[in-house]
Amino acid sequence: MTGRNDRSVLVAMSGGVDSSVTALLLKEEGYNVVGVTMKLWENDDETNCKFQRCCSPGDIRDARRVADKLGINFYVINMMKEFREEVVKNFVAEYSIGRTPNPCVHCNGRIKFNYLLKKADELGIHYLATGHYARIMKNNNKYNYCILKGVDRRKDQSYFLFNTPRTAIPRLLMPLGEFYKSDVREIARKNSLVVADKPDSQEICFIPHNNYSVFLKKEGVESRRGMIVDTSGRVLGYHEGFFNYTVGQREGLGISTGKRLYVVRLDALTNTVVVGSEEETYSSEFFVKELNWFIPVRESETIECSVKVRYRGNESPCSCVTLSDNRARVVLQTPVRAVTPGQAAVFYHGDLLLGGGWIE
Amino acid sequence: MRKVYLDYNATTPVLDEVREAMLPYLKGQYGNPSSVHWAGREAKKAIEDARDNVAGFLGVSPETIIFTGSGTESNNMAILGIALGSSNKRKHIITTPVEHSSVLNTMRYLEKIGFRITELKVDSTGMIDISELEEKITHDTLLVSIMHVNNETGNIYPVEEVGNLTRARGVIFHCDAVQSFGKIDVNPDKIKADLVSVSSHKIYGPKGAGALYIRKGVILHPVMFGGKQERGYKPGTENVPAIVGFGEACRIINEKREIFLNHYKKLMDRMWSRIISEIDGVKLNGHPEKRIPTTLNLSFDGVEGESVVLNLDLHGIAVSTGSACSSGSTEPSHVLLAMGLPEEVAEASVRFSIGLFTTPDDIEYTVDVLKRVIFNLREISPSYRKHLKTA
Chain A
83 MTGRNDRSVL
93 VAMSGGVDSS
103 VTALLLKEEG
113 YNVVGVTMKL
123 WENDDETNCK
133 FQRCCSPGDI
143 RDARRVADKL
153 GINFYVINMM
163 KEFREEVVKN
173 FVAEYSIGRT
183 PNPCVHCNGR
193 IKFNYLLKKA
203 DELGIHYLAT
213 GHYARIMKNN
223 NKYNYCILKG
233 VDRRKDQSYF
243 LFNTPRTAIP
253 RLLMPLGEFY
263 KSDVREIARK
273 NSLVVADKPD
283 SQEICFIPHN
293 NYSVFLKKEG
303 VESRRGMIVD
313 TSGRVLGYHE
323 GFFNYTVGQR
333 EGLGISTGKR
343 LYVVRLDALT
353 NTVVVGSEEE
363 TYSSEFFVKE
373 LNWFIPVRES
383 ETIECSVKVR
393 YRGNESPCSC
403 VTLSDNRARV
413 VLQTPVRAVT
423 PGQAAVFYHG
433 DLLLGGGWIE
Chain B
179 MRKVYLDYNA
189 TTPVLDEVRE
199 AMLPYLKGQY
209 GNPSSVHWAG
219 REAKKAIEDA
229 RDNVAGFLGV
239 SPETIIFTGS
249 GTESNNMAIL
259 GIALGSSNKR
269 KHIITTPVEH
279 SSVLNTMRYL
289 EKIGFRITEL
299 KVDSTGMIDI
309 SELEEKITHD
319 TLLVSIMHVN
329 NETGNIYPVE
339 EVGNLTRARG
349 VIFHCDAVQS
359 FGKIDVNPDK
369 IKADLVSVSS
379 HKIYGPKGAG
389 ALYIRKGVIL
399 HPVMFGGKQE
409 RGYKPGTENV
419 PAIVGFGEAC
429 RIINEKREIF
439 LNHYKKLMDR
449 MWSRIISEID
459 GVKLNGHPEK
469 RIPTTLNLSF
479 DGVEGESVVL
489 NLDLHGIAVS
499 TGSACSSGST
509 EPSHVLLAMG
519 LPEEVAEASV
529 RFSIGLFTTP
539 DDIEYTVDVL
549 KRVIFNLREI
559 SPSYRKHLKT
569 A
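Line order of the protein sequences matches chains A and B. Take 83 as the starting number for the first sequence in the numbering used here and just add one per residue. Take 179 as the starting number for the second sequence in the numbering used here and just add one per residue.
Okay, chain A solo, but in the shape it has when bound (with noise of 0.2 Å):
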């Protein structure tokens, strides 16, 4: 383009009601909007999915009805290498390791706010935007700009952008972080986007049919059968390979002793399950690493604010100690059930979203 067009927007449209609306709002702001789907993955089994998922034929035919319907400008942009390698790569050995991954935190950081920006550079556009309930701030210290939860507190997605880079925040627009998501379906009928009663997304996009050990032994990840044990290292059973289990879970352990059990940690080294009572399930402290924060901090120093495990999780309060290596310590006023390693600890101070890392 012709010098930078600083009303001009790239909008990452999924295909789904949020994204849509996300360019339907800006487009009547008067942004020069353009819509964009990133093609991340190509299922094999793509024409007999149930349900048709993220970057599926039918998915990216819905963004580009909702773009004629607009009137924008629509593209598919194929990023599979550069989410093979971000994303599914980490996943997969996460995994293998025992940990339990968060890809969709990896794609937002890595992904959109990355490569995906670069495209935004590359067309001389320069906001993207995204359909997550979160909202961007301008603020009057040097960290300029801050994301805050958004004000429908039920879908908020400030947890999923704790791994955006710093830098990228000023460019982002997020408009759905103002509204309720009954409302943006609302706006969608009356504007009477295809999308507008369509489901939300539930799992992992490149998983065709949520089953992951399908998936892992496609990417070369063998199960194993390995020992259950519990606590003190009695064995209890068998389990046919431990990525089938996730921290704090009780279902479907096959085993049964007269009291209930529950998965208390995943030891890769010895291809372990450990289970435990539900006492055992939980930690009054915790270690991350790979800190990205939105506010200025230094070393050893103790925050004290909130923090949240998981997505659909409460905010427990705690204190953040910062170590050397982007690590931090935390100390968490009570115990929270089913810290789970490879899931992210994003830290809150009221609405504001002032950072997080990889739980270890």
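Please keep in mind that the hints were generated in silico from the structure rather than gathered at the bench. One or more of the hints may lead you astray.
What the hints assert, rightly or not - Pair ranges (Cβ atoms, derived): (1) A:E124 to B:S455: 40 to 46 Å; (2) A:K263 to B:E198: 49 to 55 Å; (3) A:R419 to B:P520: 21 to 27 Å.
Since the model is a prediction, treat every value here as computed from it, not as a measurement. Cβ atoms here follow ideal geometry from the backbone N, Cα and C, with glycine treated the same way.
With chain A held as given, fit chain B onto it using these hints.
Just chain B now, with coordinates in the frame of chain A:
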């Protein structure tokens, strides 16, 4: 915004005369060509007139032509038709890695059901070595399928040499002539091809019609089953308006071909000489001479083809990278990868293809915009800046 269309290899606009010729068959003349009554006879006559025109353009007799729905359908019918009709002794097929996906994916299917597929090597300009073909033909070789002109690079393949060889060795030769038809001479007898695929919408006819030349005496196994239309090879009521349009396009283009070729050559020479003198780090993909003058496939150091295409589109200029897939996203071209180009060069490729309505102004405007786009993209490309430093 000014609109410039430089993607004639993807498809061409329908000529006014072609549309006019089609209209009666979308309005009053609705008969089914298979019917015996007056309405059917009118439609039947229209189809046979069209067949005369297509056959006339190819220089063959009309009964060797069957109408299909597209070039892809012609390719499928030809290759599957020969393979499925073969005796069990002949299970070997030779092709090239730069064919259209409708040939390559048909070959992949045949491989799955027990055929042996040999892909000839192509050199860095995309050309084949005819002596390799000679070596690879064995006693059980059934079919050779080689395209006349490549859709991505514009390369012209030595199909007459292929035809001489296959005819002498008793091997069936199928030639995908979709991209050459209407641009250079396509004569199945001269080529000594047994099967030739052509398409309507690449020569200013409507989409939805194609044709397959089947040399007299060559028998195909049908791949679709139904009525007796098109000798039973393409059952189903004929797409009369599209076939009529196809025939009319053949008639018109056949008459004016020589004039067009000079026009194309002048425009492309101008475009290429401006690009090579005004933009650094440009590479021409394909053979430097054995190319049709309507196609220019270029890679620009340090930039992705996709970004060039999107930027040009935002300026109203329609060009393409590699081959577009149905979702509209782009993948590195299998043609350029087969030529041994590194992935980043294949991903940097942009195809300009001109045609009848391209004007000198279109060319000037396109090069002006292209220059700016390449400059801007290189400004923000860290890999290109690094490349300049080390160079």
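Going through the hints against the structure:
1. A:E124 to B:S455: 40 to 46 Å: At 41 Å between Cβs, range holds.
2. A:K263 to B:E198: 49 to 55 Å: holds (54 Å)
3. A:R419 to B:P520: 21 to 27 Å: Violated - the Cβ-Cβ distance for R419 (chain A) and P520 (chain B), about 52 Å, lies outside 21 to 27 Å.
In the structure shown, a violation is registered for the earlier hint numbered 3 alone.
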